[in-house]
Structure formats: structure tokens, C-alpha cells
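Asker: For reference, the chains in residue letters:
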Amino acid sequence: MDWTALWLSVRLAAATSLVLLAIGVPIAYWIVYSPRRWKVLVEAIVALPLVLPPTVLGFYVLIAIGPLSPVGRGYARLAGHGLPFTFEGLLVASVLYSLPFAVQPFSAEFASVDRRLLEASWSLGVSRLATFRRLVVPLSTRGLITGIVLSFAHTLGEFGVVLMVGGNLPGVTRTVSISIYDAVQSLDYRAASRTSLLLLVLSFVILTITYSLHRRVWIATER
Amino acid sequence: MDCDGTVSDGASTLRLDVEQRFASRFIVAPKLDVPLPPGGFLVLFGPSGGGKTTILRQIAGLERPDRALVRWAGETWCDSAAGIWRTPQQRRVGVVSQQPALFPHLSVRDNIEYGLGAWPPDRRHRRSDELLELLDIADLAVRHPRALSGGQAQRVAVARALAPQPQLMLLDEPFAALDAPARIRLRRDVRTLLRRIGTPAVLVTHDRGEALAMGDLMAVVIGGRVRQTAHISEVFSRPIDVEVAASLGVEAVLPAQVVESGQGLVSVTIGSVLLQVADRDGVAVGSDVYACIRAEDVTLQVQSAVHVSTRNHLAGRVVSISPEGAVDRVSLDCGFPLDALVTHRASEELKLEPGMPITAAIKATSVHLVMR
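Quick mapping for you: the protein sequence lines, in order, are chains Y and S.
Counting from 254, one number per residue, gives the positions in the first sequence under our numbering.
Counting from 7, one number per residue, gives the positions in the second sequence under our numbering.
Worth flagging that the hints you see were computed from the coordinates, not collected in a lab.
Careful: at least some of the hints might be erroneous.
Stated by the list, open to error - Only pairs whose alpha carbons sit at most 25 Å apart, straight line, appear in this in silico SDA-like list of lysine to any residue: (1) Y:Lys-292 with S:Arg-214; (2) Y:Lys-292 with S:Asp-72; (3) Y:Lys-292 with S:Arg-130; (4) S:Lys-369 with S:Ser-239; (5) S:Lys-357 with S:Gly-268; (6) Y:Lys-292 with S:Arg-323; (7) S:Lys-369 with S:His-350; (8) Y:Lys-292 with S:Thr-316; (9) S:Lys-357 with S:Thr-371; (10) S:Lys-357 with S:Arg-323; (11) Y:Lys-292 with S:Ala-29; (12) Y:Lys-292 with S:Arg-70; (13) S:Lys-357 with S:Thr-305; (14) S:Lys-37 with S:His-212; (15) S:Lys-37 with S:His-111; (16) S:Lys-37 with S:His-350; (17) S:Lys-369 with S:Arg-129; (18) S:Lys-369 with S:Val-289; (19) S:Lys-357 with S:His-374; (20) S:Lys-37 with S:Pro-71.
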């Protein structure tokens, strides 16, 4: 089994989840609480990766971070090397690719907080931002966990985007799904089946935990 | 009590001149200009769906109407013409609604301290101790909201709203969801407490008994507008029009005082007139009450009868007679204003006419006493 590839995938998935927690919460907050009408546009953009072929997304990301774009050139000047075919490049692509898997559970949970609680908080003199921090976030822990776990699992299994943006460099961009593809290409079905099984079990366990959170099978959260 | 230096001596004025249109085409356009003394109560009274809650939300800053002027105690909270808007946070009001809306992830004490974020911890703690004590919920401090009864939860909601020392309390039918004993106890406690700490309040209710028990001033809200604002007994004795009168119910509501009690009867005085009332509620001698008498329970007789079961025979004079469908409403002056409903035929047989002396008979069981 390709342990290097597995370890890389886990690192990538963990980093993606963390970044998504940091940027997904403000995006979800804005989507839920902004009075702007055109926020539906932002919602649609966030949801795009759900329907777009990974190759299309990967293609645009590749162009966007490549040496021909200002972003790519700016990064290359700062870091000394380009983004494509690096771990950081993969991270950028993964974050975009998993954005809806984090933002949608976050915003669904934020929106489900009873408006009367928010108004009670405001009337007690607590600002909107502090209300979000002290009331909405604690009441949304399940949604936050769901979003993080789903983006972790989703990143773990991504293939097309990685292939487009990262290529196939062992230990750098060869993730576990690429490694399975490689194994099949070289007719090493044993290795492919072992890794596939591992990924299958891992994904199943993660999803089971996520759904049990919602059903409150084991963890009693207060609502 | 070190609770409230927030309201200076003398009354603060609540001024409201708002027009808010809803998509349903309903318009809530209240006009109010009332002085509220420290601890004073203004009751927004009227039928359900009349816009009372919306008016309260306009005062709280939870509604932002297109055209509005809201002023409290010389502060402008909203002036659409001048572009002034104070957020709910800046208005320092305490809001309690029908649903207690306690924060489910926090204990009772943390709920009460929620609005005291900027206070030093020891002061915050002293304040919550004080409120737990005042609302008689000290034994619930560590509980979570889901482990509270309706009455307990509402007490916590009141404590939480009072904690940051609001300059005005806004109560939106806060007792309506409670069962009768809890409701009566809590509203009496809240009334006494707010009087003591000198915080004025606006109370929304459609319950006449509650309005009488809580209010000093009353604003009758019908169809999104304030139809009459006056002292509560004034509104009841002189409703401005039939719609207001209908919303109040048909009873005469008279300020009275209990002077004697015993053998299942209490005696109350209305001005100089003595009235005997069946003692159902166990009112104490000396307490101030409202005596409520329905016009259909008042019978008229030309000469005073001697041996009948009716306890009260009041000598008076007919003031006016106005037909109301099948019956006549006869307004009397018995030392206080009182209405009687009689049939046309009875009215003719008695040869009723304005100015004639008459005796009004009222059974002791027909008078309802409401504490004030």
C-alpha cells in the first residue's frame, strides 16, 4: 500500500478543513445575515463545485494560479516557486472544491437559530458580532462539525482536481486516489484494492459519525 | 437597593409617531405621547392582531419602519426624517415576550449575566445574585432552561432583561402562556418589583383582568392605531367610541376600596356608596380594587323594595337612555356612573326618562373585584 500517498491525503484533507473553518464561517455568516439581495449570487458560486466537473474546476484553478495570472506571479515572487504542482497549490484547489461542503452545513445551522434568541441578545445590549460568537456559534456546533468532517472526507477522495492542478509527484501531489489510479494503470490490482478498501472504510466511518451527530444517536447536544 | 439610578425623578415621556406598512397591507401607525413616572405602567390593550406587538417592537428597535419618530425621556431613538436610528443595543430596554427565549446552552445564572459582558466578574455575579433573589429563583441558578417550568423560565427571562438596568421594560404578553395561579403570582411580583426599583414599563395584553391588575395608563390599540390613551379607569368609564367600548367589554369598572369582610361577603366603597360583594377571591380589608359590574346584571326598579334577595339597592338618577338593538342601555348616576341594560318593554313600563329618580339593584354575586 502507498502509505506516502495516504499520509499526504490526510495532511491535505486536514489542512483543507482548517482553512475552510477559517473562511467558511465568515462566508456562511454573511450569507445568512446579509440583507443584500445579490447574496444569492454568492450562494450559487459557493455551490458551483457540487455540479461542476472537477476537471473544469481544476482547469480554471490551474490557470488562475499559473505563471500567466497575477495571482500566480505574485505567489511565485513571494514564495520563490510557482503554485501548480505543489502541496500549496493543491490546498488552494481543495479549498475551492470543498467549499460547499463546509459553507452549506454552516449556514444551514446558523439560519436555524431561533430569531427570537437573536433579538433577545440584541436587546440585552450585545452587538451582532458578539451575538454571533456567544450565541450562534455555540448553538451551531453540530453544523460546524458536520461541515469540517464532510470537507475532510470530500478532500480525502478528490481525484480530478488533484490531477489537473497537482499532477502526480510522489510525496508532494500524489494523493491516495491518484495512487489507486496508478496502481490500476500498472495492473497492480492487489495494491489498488487494498487502498480502495481502506478509503471506503474510512469514508464510511466518517459519514456514519457525521450522521449520528444529526440523529443524536450517541451525543446528546442541547437544542 | 442599589438597582436603579437609571430613571431620574419625575416622569419620562414616551413619544411615538410611526407609520409602518406591511406586505399584507396592514398598517401599524401608532401615535402616543405619554408621561411614564418611575415604576409606572402603560398598558397597550386591544384585540389580538391589532398591532400591539408591532408597536412594542417599534419601541424596542426590532422593527425599522419607513416613517417613524420614537423618543424616550428626551432621547431620540428613531427619527426617519432626520436619519436618526438607535439600534436595539443602544436603547437599553428590557424585553420580555410570551416565549421566554432563554439561551438554551447557558445556565440560569449565565442567562441572567449574558447582558453584563462588559461588567467586572465580581460585580456581574453580585448583580445576578441580586436578581435571583428578587425573582425568587435562587435555587434554580445552576439549572438549564430546558429543566424549567413555564413560570420559572419567565421569571428568568424577567431577571435577564432587568440585569443590565434597562431604562424601560417592554413586556409582550409575558404571562399569557402560564396557568392561572402562576400567572397571577408572577404578574403581581413583577408589578411590585418594577414599582420598587422604579423602572417604568410598557405592557402588551389583550386580557382585561391583566390590564386592570397591572396598568396605570392605558392605550387602546385597534386596527394598528392607538384609539385612546388615558388613565385606566378613565378609559373604562369613558371609552372614546363604541369600538373602544366593545374591546373593553361591557362592564362598568369602578375604583373601589374594601372596607369590611366576613360571612362570605365583602363591603367595598365606591366614593361614598357602599356595595356588598360575594367574597370569592379573599380580598383583604383596606385593599384597593376595581369593582366590575356588567350592565345586564343591573336591574332597575322605581321604588325601593324591602324584602328581596338582591343585596345592593342604589338610589340614583337616569342620565340617558339609548336603544341598542333589542334592549335599551340606561345610563345612571348612582354616585358613580353605571349602565343598565333593560328591554324596551321594561323601559316603557317603568316610564324611564332622563332625570327621573330610580333604584338600581345589583346582586352581590354580580360584582367582580379585581385587585389594582
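Asker: Mind checking the alpha carbons of Lys-292 (chain Y) and Ala-29 (chain S) for me, to see if they're no more than 25 Å apart?
Answerer: holds, 22 Å
Asker: With the threshold set at 25 Å, check whether the alpha-carbon distance from Lys-369 (chain S) to Ser-239 (chain S) stays at or below it.
Answerer: holds, 22 Å
Asker: For the pair we were handed, Lys-292 (chain Y) and Arg-323 (chain S), check the Cα-Cα distance against 25 Å.
Answerer: violated, 72 Å
Asker: Within 25 Å, alpha carbon to alpha carbon, are Lys-369 (chain S) and Val-289 (chain S)?
Answerer: holds, 18 Å
Asker: Next pair to validate is Lys-292 (chain Y) with Arg-214 (chain S); report whether the Cα-Cα distance is within 25 Å.
Answerer: Violated: Lys-292 (chain Y) and Arg-214 (chain S) sit about 46 Å apart, past 25 Å.
Asker: Between Lys-357 (chain S) and Arg-323 (chain S), is the straight-line Cα distance small enough, at 25 Å or below?
Answerer: holds, 13 Å
Asker: Within 25 Å, alpha carbon to alpha carbon, are Lys-292 (chain Y) and Arg-130 (chain S)?
Answerer: violated, 40 Å
Asker: Just to be careful, I want the Cα atoms of Lys-369 (chain S) and His-350 (chain S) compared with a cutoff of 25 Å; is the pair within it?
Answerer: Judged against 25 Å, a Cα distance of about 22 Å means the pair holds.
Asker: Taking only the CA atoms, is the gap from Lys-369 (chain S) to Arg-129 (chain S) under or equal to 25 Å?
Answerer: This hinted pair is violated, its Cα atoms lying about 57 Å apart.
Asker: Quickly compare the C-alpha distance for Lys-37 (chain S) and His-350 (chain S) to 25 Å and report which way the hint goes.
Answerer: With a Cα-Cα distance of about 40 Å, the restraint between Lys-37 (chain S) and His-350 (chain S) is violated, given a limit of 25 Å.
Asker: So if I understand the rule, the pair passes when the alpha-carbon distance is 25 Å or less; does Lys-292 (chain Y) with Asp-72 (chain S) pass?
Answerer: holds, 23 Å
Asker: Are the Cα atoms of Lys-37 (chain S) and Pro-71 (chain S) separated by 25 Å or less?
Answerer: The hint holds at about 14 Å.
When held up to the earlier numbered hints, the structure conflicts with 1, 3, 5, 6, 8, 9, 15, 16, 17, 19 and fits the remainder.
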